[in-house]
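**Q** Heads up: the sequence lines are chains A and E, in that order. Per this note's numbering, the first sequence runs over residues 564 to 873. Per this note's numbering, the second sequence runs over residues 446 to 676.
Hints in this document: simulated from the structure, not taken from any laboratory. Source: prediction; values computed, not measured. Treat the hints loosely; a few may be bogus.
Claimed, not checked - Okay, the calculated beta carbon distance ranges per label pair:
(1) E:PRO500 / A:LEU576: 47 to 57 Å
(2) E:ASP551 / A:ILE764: 15 to 25 Å
(3) E:ALA537 / A:LEU676: 26 to 36 Å
(4) A:ILE764 / E:SER503: 54 to 64 Å
Said to hold, decoys possible - Keeping only pairs whose Cα atoms sit at most 20 Å apart, straight-line, the calculated SDA-like set for lysine to any residue is:
(5) A:LYS866 / E:GLN550
(6) E:LYS520 / A:HIS766
(7) E:LYS476 / E:MET639
(8) E:LYS520 / E:GLY510
(9) E:LYS520 / A:ILE764
(10) E:LYS562 / E:GLN550
(11) E:LYS520 / A:SER795
(12) E:LYS476 / E:ASN634
(13) A:LYS565 / A:SER795
(14) A:LYS565 / E:ALA537
(15) E:LYS520 / E:PRO500
(16) A:LYS565 / E:ARG554
(17) A:LYS866 / E:LEU539
(18) E:LYS556 / A:SER740
(19) A:LYS691 / A:LYS565
(20) E:LYS556 / A:GLU754
(21) E:LYS520 / A:GLU754
The beta-carbon is built from N, C-alpha and C at its ideal position, and this holds for glycine as well.
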Amino acid sequence: MKTHLLHLALIGLLFALGFILPDYHQGNFSRIMVLAIYAMGYNVMFGYTGMLSLGHAMFFAAGMYGFGLSVQLGDLGVIPAMLLALLGTAAFAALVGALSLRTIGVGFMIVTLMFAQAVYLTILYAGKYTRGDEGFVLQPEARTIAGMALNQPDIRYFTALMLFGLVLLGTGLLVRSNFGSVLVAVRENEERTRMLGYDVIAHKMGAVVVSGVISGLSGATYAALFGYVGASFATVQYSIFPLLWVLLGGMGTTLGPFVGALLMFYLIDYSSGLTNAYMLIVGVALVLLVLFARAGIIGEIRKRWVPWLP
Amino acid sequence: MNLHLETKGLTRIYGGLHAVSDVDFSLERGKIHALIGPNGAGKSTFVGMVSGRIPASSGTVMFEGQDISNLPAHKRMRRGMAYTFQITAIYANLTLAQNIALALQDRNRDKALTALKRIGLEDRIDQIAGDLSYGHQRLLEIAMGVAQNPRLLILDEPTQGLAESEIVQFQTLIRSLAGDTTILLIEHNMDVVMALAEQITVLNMGQVLATGTPQDIQSNAAVQAAYLGTE
Ligand SMILES: Nc1ncnc2c1ncn2[C@@H]1O[C@H](COP(=O)(O)OP(=O)(O)OP(=O)(O)O)[C@@H](O)[C@H]1O
Ligand SMILES: [Mg+2]
Numbered sequence: 564m565k566t567h568l569l570h571l572a573l574i575g576l577l578f579a580l581g582f583i584l585p586d587y588h589q590g591n592f593s594r595i596m597v598l599a600i601y602a603m604g605y606n607v608m609f610g611y612t613g614m615l616s617l618g619h620a621m622f623f624a625a626g627m628y629g630f631g632l633s634v635q636l637g638d639l640g641v642i643p644a645m646l647l648a649l650l651g652t653a654a655f656a657a658l659v660g661a662l663s664l665r666t667i668g669v670g671f672m673i674v675t676l677m678f679a680q681a682v683y684l685t686i687l688y689a690g691k692y693t694r695g696d697e698g699f700v701l702q703p704e705a706r707t708i709a710g711m712a713l714n715q716p717d718i719r720y721f722t723a724l725m726l727f728g729l730v731l732l733g734t735g736l737l738v739r740s741n742f743g744s745v746l747v748a749v750r751e752n753e754e755r756t757r758m759l760g761y762d763v764i765a766h767k768m769g770a771v772v773v774s775g776v777i778s779g780l781s782g783a784t785y786a787a788l789f790g791y792v793g794a795s796f797a798t799v800q801y802s803i804f805p806l807l808w809v810l811l812g813g814m815g816t817t818l819g820p821f822v823g824a825l826l827m828f829y830l831i832d833y834s835s836g837l838t839n840a841y842m843l844i845v846g847v848a849l850v851l852l853v854l855f856a857r858a859g860i861i862g863e864i865r866k867r868w869v870p871w872l873p
Numbered sequence: 446m447n448l449h450l451e452t453k454g455l456t457r458i459y460g461g462l463h464a465v466s467d468v469d470f471s472l473e474r475g476k477i478h479a480l481i482g483p484n485g486a487g488k489s490t491f492v493g494m495v496s497g498r499i500p501a502s503s504g505t506v507m508f509e510g511q512d513i514s515n516l517p518a519h520k521r522m523r524r525g526m527a528y529t530f531q532i533t534a535i536y537a538n539l540t541l542a543q544n545i546a547l548a549l550q551d552r553n554r555d556k557a558l559t560a561l562k563r564i565g566l567e568d569r570i571d572q573i574a575g576d577l578s579y580g581h582q583r584l585l586e587i588a589m590g591v592a593q594n595p596r597l598l599i600l601d602e603p604t605q606g607l608a609e610s611e612i613v614q615f616q617t618l619i620r621s622l623a624g625d626t627t628i629l630l631i632e633h634n635m636d637v638v639m640a641l642a643e644q645i646t647v648l649n650m651g652q653v654l655a656t657g658t659p660q661d662i663q664s665n666a667a668v669q670a671a672y673l674g675t676e
C-alpha cells in the first residue's frame, strides 16, 4: 500500500509541475519521463532479476521503429501503431530471450550486445524504409489522438506523464507480486531458487519480455511525442544510458530509474553548457557514485533510512 | 517394502574420475536413511544427481514409481523433493520472512512464523538472513527445506558447523518429520547418524560399500577398514 501511495505522490507532484514548470523545463521533463520509462524497463531485468544486458537499445529501437514505420509506411493511427509496436517488441524480446537465456554471465552480456548490433545494422541496411542514419520525421498531422496534437507541449507533457505513471504503478505491482519476488530470488541466488522448485529460465524469459516491452513502449512514445525516428537510438550509447540511469538512481528500486534519468539529464544539460568535455563530468559523477553510494541514490536512502522503499 | 526412490547404475564421470560409479540404491518410504563415507566418496555428487542439480553420465532415477531421470531439477522439486546444500545457500540479502516465503511459495506471515518456530528463529523473522550466525543460517536452510513440505528431504551435511545445542534442535526437528517424510541424510557426525538413521549406506570411492541397519554397519568389517576405522 505504502508503495502505491508513494508512487501516486510522485505522479501527483509531476502533475502539478506540469502547470508550473517554465517551458524549457517542461520540455525537458517530458523527455525525462519518457526516458525514465526506458530505465524502468531496463530495471526489471537488470535491477530486479540481476541480468546485465548491454543491448537494450534493441528494444527501445524495436518500439520506436515499430511505431514509426507503422505510421509512416502503414498509415496507421497513433494508437494502433503503438499496439502493433508493442506486440512486435514482445515477439522480438521473446525471440531474444529464447536465444540468449541458455548463456549466463558474460556470455549473456555479449549475446545482448551482438543482438543490438544486429538490430542497428539492420536499420542501416533497410535504409530504403528507415532512411538509415539520417532517420525520418513523423509529421505532426500523423501524431494526433482524437484531434489532440501530441506535439503540443502541454499535451506532450501529460501524455508522457500518463504513460510514465502507468509504468511506475505497474512496476510497483510487479515487484510486490509473487512473480516479482521470484525475480529477486533469481537475482539473489539462482541455484537456490531452482532448487526450491522454480523454473528459473521461465522467470528470466518473463523478465526479458516485460523489460523489452516497457523499453519498446518508451521508444514508441518517444517517436510519437517528439516526432523523430533515427538509428542513433539503436546505438551502443543508448544501450549504456539506461544502465547508467539505473545505477545512478538505484538498481532494484522503483523510483531509481526516474531519479537517475532526471539527474543524468540535468547533469549533461548543465555541464555541456560549461564545457565540451561534459562526458568527463558525467564520468566523475559515476566514479563518485561507485565510491560513495554504491547502491545508487534511492538504494542508499533505502539502505540507510527507509528500508521499506520498493 | 515400499520404495520411494530407486537408482540404477547411477554414474558421474568428471574427466577420467568416476566420482560416482554404477550406484544401485533404494530408499524406503518414511525412513531416515543416512549416506556416509569419507571425503570425496561421491556423496554430494550422488544426491546432486538424484535431485537433478548435477546431470548423470548414465543410470536412472525412479521417484515414487516414475522415471525422473530426464526431468530438470525444478520439476523434481515440484514433485515433492527438497534439497539443502552442503555449502549454505540461502538468500543472504533477504529477510528470514522472505527466505521462508520463497520456500513455502506463499507469503503468509503466520505460516512463515510457524516454519521459523521449528528452529527457534521466530523472533528474528525480520532480520536479514546474512546477518545471522553461521549456525543459524544453516538452521534456516534446513527450515526452508522443511517448509517446502517435501515427501523426500535430502540433507547434505546439515549439522556441519552447528553448535551442540543446535544439533539437538536439528535432531528434534528431523524426528518430528519421521514417518511422513522420507529423509536422505548425508552426515559426517556419527553420533547424529546413530541417533537418527534407520538405514545406512556407506559410499566409498564412488561405490556402495555396504547398506544395512546401524547395527549391521557398525559390525561390518569392510566399513570399519574403509571408514569408521580411519575416523
Ligand atoms: N565439478 C567437479 N569437477 C571435477 N571433479 C569433481 C567435481 N565435483 C566433485 N568432484 C570430485 O568428485 C569426487 C566426489 O566428490 P563429492 O563432492 O561428491 O564427495 P563427497 O562425498 O560429497 O565429499 P565431502 O564429504 O567432502 O563433501 C571428489 O573426488 C571430487 O573431487
Ligand atoms: Mg559433499
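**Q** Does each hint hold? Answer for all of them.
**A** Right, here's what the structure says about each hint:
1. E:PRO500 / A:LEU576: 47 to 57 Å: holds (53 Å)
2. E:ASP551 / A:ILE764: 15 to 25 Å: About 23 Å separates the Cβ atoms of E:ASP551 and A:ILE764, which means 15 to 25 Å holds.
3. E:ALA537 / A:LEU676: 26 to 36 Å: 30 Å Cβ-Cβ, so the 26 to 36 Å window holds.
4. A:ILE764 / E:SER503: 54 to 64 Å: violated (25 Å)
5. A:LYS866 / E:GLN550: violated (26 Å)
6. E:LYS520 / A:HIS766: Status holds; Cα separation ~14 Å.
7. E:LYS476 / E:MET639: The given pair, whose Cα atoms are some 14 Å apart, holds under the 20 Å limit.
8. E:LYS520 / E:GLY510: Roughly 16 Å separates the two Cα atoms, so the pair holds.
9. E:LYS520 / A:ILE764: This hinted pair holds, its Cα atoms lying about 12 Å apart.
10. E:LYS562 / E:GLN550: holds (18 Å)
11. E:LYS520 / A:SER795: violated (44 Å)
12. E:LYS476 / E:ASN634: The given pair, whose Cα atoms are some 19 Å apart, holds under the 20 Å limit.
13. A:LYS565 / A:SER795: violated (39 Å)
14. A:LYS565 / E:ALA537: Distance ~25 Å between A:LYS565 and E:ALA537 Cα, so the pair is violated.
15. E:LYS520 / E:PRO500: holds (14 Å)
16. A:LYS565 / E:ARG554: Roughly 18 Å separates the two Cα atoms, so the pair holds.
17. A:LYS866 / E:LEU539: holds (13 Å)
18. E:LYS556 / A:SER740: Status holds; Cα separation ~18 Å.
19. A:LYS691 / A:LYS565: This hinted pair is violated, its Cα atoms lying about 51 Å apart.
20. E:LYS556 / A:GLU754: Distance of about 24 Å is beyond 20 Å: violated.
21. E:LYS520 / A:GLU754: Distance ~14 Å between E:LYS520 and A:GLU754 Cα, so the pair holds.
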